[in-house]
Amino acid sequence: MEFELRENDEYIQLTQLLKAVGIAENGAMAGQMVLDGLVKLNGERESRKRAKLRSGDVVSVMGNEIRIK
650 MEFELRENDE
660 YIQLTQLLKA
670 VGIAENGAMA
680 GQMVLDGLVK
690 LNGERESRKR
700 AKLRSGDVVS
710 VMGNEIRIK
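When we follow the numbering used here, the leftmost residue of the sequence shown carries the number 650, and every step to the right adds one.
I should point out that these hints are in silico values taken from the structure, not numbers from a laboratory.
Nothing false has been slipped in among the hints.
Now the in silico label distances, taken between C-beta atoms and shown as ranges:
hint : residue 1 : residue 2 : range
1    : R694      : V670      : 11 to 21 Å
2    : N657      : G686      : 26 to 36 Å
3    : D685      : E656      : 27 to 37 Å
4    : N713      : Y660      : 13 to 23 Å
5    : V707      : D685      : 16 to 26 Å
6    : L687      : R716      : 16 to 26 Å
7    : V670      : G692      : 17 to 27 Å
The beta-carbon is built from N, C-alpha and C at its ideal position, and this holds for glycine as well.
Construct the entire structure; sequences and hints are all you get.
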């Protein structure tokens, strides 16, 4: 799946992305997914809940791949 940043945004935080695409119901759930090691950023496990995702990044979580545009 793809996620397109808003026109004036340089990035989106990881937990915000997980909520925006419907993988997490809320911020607490999104944060727990990161803490549990379920999230990868560009192929590497990501432990920062507020990691800044920019165009070109790829997030993998629970069998879903999200490309940031």
